[in-house]
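Please arrange chains B and C with the ligands on chain A, whose structure you already have, making use of the hints.
Residue numbers (the working numbering), protein chains in the order written: chain A, 34 to 296; chain B, 1107 to 1446; chain C, 1043 to 1316.
If you are wondering where the hints come from, they were derived from the structure by calculation, not from laboratory data.
Since the structure is predicted, the reported quantities are computational estimates derived from the model, not experimental observations.
Each hint should be verified, as a subset may be incorrect.
[What the hints assert, rightly or not] FRET-style restraints, in silico, Cβ to Cβ:
{"hint": "1", "chain 1": "B", "residue 1": "GLY1394", "chain 2": "A", "residue 2": "THR206", "range": "55 to 65 Å"}
{"hint": "2", "chain 1": "A", "residue 1": "ARG193", "chain 2": "B", "residue 2": "HIS1300", "range": "20 to 30 Å"}
{"hint": "3", "chain 1": "C", "residue 1": "PRO1237", "chain 2": "A", "residue 2": "ALA87", "range": "47 to 57 Å"}
{"hint": "4", "chain 1": "B", "residue 1": "ARG1237", "chain 2": "C", "residue 2": "ARG1134", "range": "27 to 37 Å"}
{"hint": "5", "chain 1": "C", "residue 1": "PRO1080", "chain 2": "A", "residue 2": "VAL285", "range": "55 to 65 Å"}
{"hint": "6", "chain 1": "C", "residue 1": "PRO1237", "chain 2": "A", "residue 2": "TRP45", "range": "25 to 35 Å"}
{"hint": "7", "chain 1": "B", "residue 1": "LEU1278", "chain 2": "C", "residue 2": "LEU1059", "range": "53 to 63 Å"}
{"hint": "8", "chain 1": "C", "residue 1": "GLN1045", "chain 2": "B", "residue 2": "SER1282", "range": "50 to 60 Å"}
{"hint": "9", "chain 1": "C", "residue 1": "VAL1071", "chain 2": "A", "residue 2": "GLY248", "range": "45 to 55 Å"}
[As the list claims (entries may be wrong)] Selected chain C positions facing chain A (in silico; Cβ < 8 Å):
{"hint": "10", "residue": "ALA1133"}
{"hint": "11", "residue": "GLY1178"}
{"hint": "12", "residue": "TYR1301"}
[As the list claims (entries may be wrong)] Sample of chain A residues facing chain C (criterion: CB under 8 Å; computed from the structure):
{"hint": "13", "residue": "ILE56"}
{"hint": "14", "residue": "VAL72"}
{"hint": "15", "residue": "ARG125"}
{"hint": "16", "residue": "VAL144"}
For each residue, glycine too, the CB sits at the ideal point set by N, CA and C.
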Amino acid sequence: MIRLPWMRIGGWATLALVLLFLIGPFAVIIGAALNAGTVPAFPPQGISLRWVVAVFEVQSFRASFFLSVWLAVGSTLAALVLGVPVAYALARYPVPGKEAVRAVVTAPVVVPGIIVGLALLRHAVVPLGVPVMEALFLAHTALLLPYAVRVVAASLENLRPDIEEAAVMLGATRLGAFLRVVLPNIRNGILAAFILGFVTSFNQVPVSLFLTGPGVSTLPIDMLAYMEFTYDPSVAALSALLALMSLAVVLVAERLLGISRFV
Amino acid sequence: MTDGFLALSGLTLAYGGTVAVDRLDLAMAEGELVALLGPSGCGKTTTMRAVAGLLQPRAGTIRLAGRDITHVPANKRGVGLVFQSYALFPHLSVFENVAFGLRLAGTGRDEIGRRVAEVLAMVGLTGFERRLPKELSGGQQQRVALARSVVVRPRLLLLDEPLSNLDARLRLEMRSELRRLQRELGVTMVYVTHDQAEALALADRIVVMREGRIEQEGPPETVYTRPRTAFVARFMGFETCLAVNGGRLVAPDGRSLPLEGAADAPALAWRPHGVVLGRGPHTARVLGRSYLGQSVEYLLETDAGPVKAEAAADAPRFEPGTTVAFDLPLAAAARLESAA
Amino acid sequence: MFQDRRIGLALVLPATLFLLAGFVLPVLVLLSGSLQGPGGWSFDAYVRFFAVPLHQEVFWRTVRLGVLVTLTCAVVGYAAAFAIVNTAPSARGKLIGLLILPLMISPVARTYAWIVILGRTGLVNQALQGLGLADGPVRLLFTETAVFIGLVQLFLPLMVLTLVSALENLPADVMSAARVLGAGWIQTFVRVVLPLTREGLVIGGTLVFTGAVTAYITPAVLGGSRVLMLETLLYQRVSVAGDIVSGSVIAAILVVMSYTTNVLLRRIAAGRGR
Ligand SMILES: Nc1ncnc2c1ncn2[C@@H]1O[C@H](COP(=O)(O)OP(=O)(O)OP(=O)(O)O)[C@@H](O)[C@H]1O
Ligand SMILES: [Mg+2]
Chain A
34 MIRLPWMRIG
44 GWATLALVLL
54 FLIGPFAVII
64 GAALNAGTVP
74 AFPPQGISLR
84 WVVAVFEVQS
94 FRASFFLSVW
104 LAVGSTLAAL
114 VLGVPVAYAL
124 ARYPVPGKEA
134 VRAVVTAPVV
144 VPGIIVGLAL
154 LRHAVVPLGV
164 PVMEALFLAH
174 TALLLPYAVR
184 VVAASLENLR
194 PDIEEAAVML
204 GATRLGAFLR
214 VVLPNIRNGI
224 LAAFILGFVT
234 SFNQVPVSLF
244 LTGPGVSTLP
254 IDMLAYMEFT
264 YDPSVAALSA
274 LLALMSLAVV
284 LVAERLLGIS
294 RFV
Chain B
1107 MTDGFLALSG
1117 LTLAYGGTVA
1127 VDRLDLAMAE
1137 GELVALLGPS
1147 GCGKTTTMRA
1157 VAGLLQPRAG
1167 TIRLAGRDIT
1177 HVPANKRGVG
1187 LVFQSYALFP
1197 HLSVFENVAF
1207 GLRLAGTGRD
1217 EIGRRVAEVL
1227 AMVGLTGFER
1237 RLPKELSGGQ
1247 QQRVALARSV
1257 VVRPRLLLLD
1267 EPLSNLDARL
1277 RLEMRSELRR
1287 LQRELGVTMV
1297 YVTHDQAEAL
1307 ALADRIVVMR
1317 EGRIEQEGPP
1327 ETVYTRPRTA
1337 FVARFMGFET
1347 CLAVNGGRLV
1357 APDGRSLPLE
1367 GAADAPALAW
1377 RPHGVVLGRG
1387 PHTARVLGRS
1397 YLGQSVEYLL
1407 ETDAGPVKAE
1417 AAADAPRFEP
1427 GTTVAFDLPL
1437 AAAARLESAA
Chain C
1043 MFQDRRIGLA
1053 LVLPATLFLL
1063 AGFVLPVLVL
1073 LSGSLQGPGG
1083 WSFDAYVRFF
1093 AVPLHQEVFW
1103 RTVRLGVLVT
1113 LTCAVVGYAA
1123 AFAIVNTAPS
1133 ARGKLIGLLI
1143 LPLMISPVAR
1153 TYAWIVILGR
1163 TGLVNQALQG
1173 LGLADGPVRL
1183 LFTETAVFIG
1193 LVQLFLPLMV
1203 LTLVSALENL
1213 PADVMSAARV
1223 LGAGWIQTFV
1233 RVVLPLTREG
1243 LVIGGTLVFT
1253 GAVTAYITPA
1263 VLGGSRVLML
1273 ETLLYQRVSV
1283 AGDIVSGSVI
1293 AAILVVMSYT
1303 TNVLLRRIAA
1313 GRGR
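Chain A with its partners taken away, still in its complex shape (with noise of 0.2 Å):
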C-alpha cells in the first residue's frame, strides 16, 4: 500500500482519538472512584478509597453481585451444554430440517432483549408461576445459547471428521470418539464461548431489566437503581472495579487462547 507521510500521521492521530475517546472515560472512572469529595467528580478532589471501600459496604450490592455471578456461570453452562451438540450435529450430521433448526437457534440474536424479558415475565412468570429466579435463568441461557453455538461451530470448523473415524477404527465408541478427540480440539473455543458468555450475562440489563424483583437483582440493574437515587462516587467505585475485572479477564483469556480470534 501506498503511503504518504501525512497518511500516515493523520492516521495515528486518527487512532489517537478514536481511542482516548473509547477508552478515555474509563481513567475518568477510575479517577472519580478515587475521589475524596461527596460527588463523582473528575479531575479527583483529593485522592481516598472511602468510596471503594464503601462498595463492600453497601449489602444489596453484595448479594446482587453473587446472584449475577451466579447467574452468568450457570447460565453460561446450561447454554453450552445445549448448544455444544447443535454445533456438533450441525457441522457432522444431516439434521431433519437443518434450517428451521438454525433459524430457532439464532432466533434470541435478532429479538430485543428487554421483549424477552417481557414475555417470559408475562408469560410464564405471571401466569404459571415460574420462580423469577428461574426466569432470570431460562431467559439468560436462551440469550446466550446462539453466540455458544456459533463460537464452538467455528472451532469445529477447522477440525476434519475423519479423525473421529479413525479414532472409531481404533475401537472407540462415537462419544469416546467425541470425547478423546473432539473436545481436546476444540477446548479453546468452548473456553472462549465461557468467557464471553458470562461476560455478556454478567453485564446484561435489558432481559433482566422485567425479571427481577424484590431480592432478586442482578448487579448492573442494582448499579441502575441505585444511580437513579444517590449520586455519591460508590458507583463510580464499583464501576472501576467492574473494568479492571473486565481488564484482567481480557488480559487472562487473550493470553491463554487469544480470545480476538472469536469476538
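Just chains B and C with the ligands now, kept in the frame of chain A:
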C-alpha cells in the same frame, strides 16, 4: 461368492441419490493381500469405508470370518483402516497417536511402550515419539497413520493409498516392510492404489474397479498380460487399443488401419514397446518424442488416430514432423474381449 | 459414520425444544397481543399508539439516532480501521485488544463515565467555564447529544473490528494498483475499497444499527425521561403505566426493525458484493 474370509456380496453403496458402488461381489481368503486398482472416483475409498463400517450399505452384505458384519458397528469389527487423508489426531504426539488403540483396549503400560516402539521402528520413525502431527512431513504423517493401524493387529487391514506421499526409495522400502509384516502377522489386507507397479509387486490378487463395479480380477500376472477389456488394458500399460472389424483395426472415432493377418478377438491392444518402428506395412507422422532414460517414447499420428510407441534409447531416432513406417505385430498384441 | 439422521435430531432436539418453549412461544404470544383488537385481529393498537405525539416523537428519535450513530461509526470506523491495518502486525494485535476491552466492560460502567464527564460539574463544564466560554453550567446530560455520544462509544468498537477484518482480507495490491492507474484517494476509496469491503461494512452496520435502536442503558442513563427511546419508552409504559398493549406494540416494532435490518442488509451484502 459367499465363502472366504471376507465376502462382499451385492454390495451397493450410495451418497444420497448417486450410486458410487453398484452390486459389488468380492471374496478374499485369510492372509491374502488384494490390491484394489482403478481410476479416481471409481469407488475404491467408498468400498473400503463400507467394509470398515463407516458407511452403511444401501444393499448387500459383508461377511468377515464367517460372520455377517453388515450391521456391526465400526469399532467392533476388528478392522483397521489407514486413511487416504491420514486423519492423525492433531492434539496427540506421535507416540500417543500410535498408542491410542492400545489404550482403548486396556493394554498395560509396559506393553504399550514396547509395541509402539516396535512399530515406530518398523516405519522408521524412532525418535519422533514426542512430535505433534503438524511437525511432521506428509510422508512421515502417512507412516504414523500406518503404524497406528498396524499396532492394534486388526484381523483385516484396509489401506487407502498408504504410500502415495512417499518418495520413490522410501516407497520401495515401505512396500517390502508391509509385505513382510503381512506375512509375519498373517493379516489380510486390502490395498488401494493408483500405481499399477505397486499393485503388481505387492498383491496376491488384483481387482480392477470401474465406475463402482469390478471390471476384472485375478493374479497380477494374468491381469497384467491378459487384460479382458480395453479399460483394464489401458490401466496395465496397453496404450493402443483398437477394435477388430472386417479385417481392419478400428479406433473409437471410426478411423481405421488394415489388419495384417487374422485375429480371433473382438479387439487388440499393444504396449508402446510392442509397436515396431522403422519398418512395417503402415506409415504415420511423428507428433512428439520424449526421452525416458532407457528408452525413447514417440507419439504417432496414424490412420487410426494416435498411437504410442517406444524404442530403445540406442536405436536410430525419428524426428518429429517426419513420416515413419510402423507395424502392430499380432504376436505382441493382447487379445481383448471388449473394445470398451 | 455421520449418516444417521436420528443422531442429528437427538443432538439438536433439547436446545430447539428449550428455545421453542422458553423463548419463541412466549415472544410470539407477546407480539400477537399487539394485533388483538376488540373484535379479533386488528391494527387498532398501532393506530392508537401512534396517535400519541410523544410516541411518534420517540419512534422518529430512535430511527434518527440509529441512523446517525451508524453513519458516524462507519466514517470513524473506516479511518480507524485503515490506521490499524497500516500498523505492524504486533502492534495490530495490541490495538485490537484495546478495542475489545471496552466491549467486555459493563455498559452501565461505560455509560456512567459520561455522567462524570458531561454532568453539571463534569469535565466538559469545567473546561467550558475555565476557558470563559460559558458563565454557568451548560446542560449536556439528558440531551439527545449525550445519548448519541454514549451510543457511539458503545458500538464503535464493533464497527472498527469488522472493518479491520474486511480490510485485512483486501488483496494487498488493489489499492496500489488503483493508485498507479491514476485514481485519487477518494476515487480509490469509492471505487475499490468500498465495494470490496461492503460485506464487512454491512455486517458492522447491522450490529451498530440494531444495537443502537434497541439500546436501553444509554438512553436510560444519559437521556432519562426527557430523551426517551423505544426501549426506555417500553419500560416506562409497562412498569409505570401498566400499559401492556403499548408495550407489545413497541416490542413488535423493535423485532420488525431488528429483523428487517438483518435481512435487508444481508441481502445487500450478498446481492451486490464482489
Ligand atoms: N461424501 C460424498 N458425497 C457424495 N459423493 C461422494 C462422496 N464421497 C465420494 N463420492 C462420490 O462417490 C464416487 C466414488 O468416490 P471414492 O472416494 O470412493 O473414489 P476413489 O476411487 O477412492 O477415488 P480416488 O482415487 O480419487 O481416491 C465418486 O464419484 C465421488 O464423487
Ligand atoms: Mg479414494
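How the hints compare with the structure:
no.: 1; hint: B:GLY1394 x A:THR206: 55 to 65 Å; in the structure: holds, 57 Å
no.: 2; hint: A:ARG193 x B:HIS1300: 20 to 30 Å; in the structure: holds, 22 Å
no.: 3; hint: C:PRO1237 x A:ALA87: 47 to 57 Å; in the structure: holds, 55 Å
no.: 4; hint: B:ARG1237 x C:ARG1134: 27 to 37 Å; in the structure: holds, 31 Å
no.: 5; hint: C:PRO1080 x A:VAL285: 55 to 65 Å; in the structure: holds, 58 Å
no.: 6; hint: C:PRO1237 x A:TRP45: 25 to 35 Å; in the structure: holds, 27 Å
no.: 7; hint: B:LEU1278 x C:LEU1059: 53 to 63 Å; in the structure: holds, 59 Å
no.: 8; hint: C:GLN1045 x B:SER1282: 50 to 60 Å; in the structure: violated, 38 Å
no.: 9; hint: C:VAL1071 x A:GLY248: 45 to 55 Å; in the structure: violated, 27 Å
no.: 10; hint: ALA1133; in the structure: violated, 10 Å
no.: 11; hint: GLY1178; in the structure: violated, 17 Å
no.: 12; hint: TYR1301; in the structure: holds, 5 Å
no.: 13; hint: ILE56; in the structure: holds, 7 Å
no.: 14; hint: VAL72; in the structure: holds, 7 Å
no.: 15; hint: ARG125; in the structure: holds, 5 Å
no.: 16; hint: VAL144; in the structure: holds, 6 Å
In summary, the structure is inconsistent with hints 8, 9, 10 and 11 from the numbered list given earlier, while agreeing with the others.
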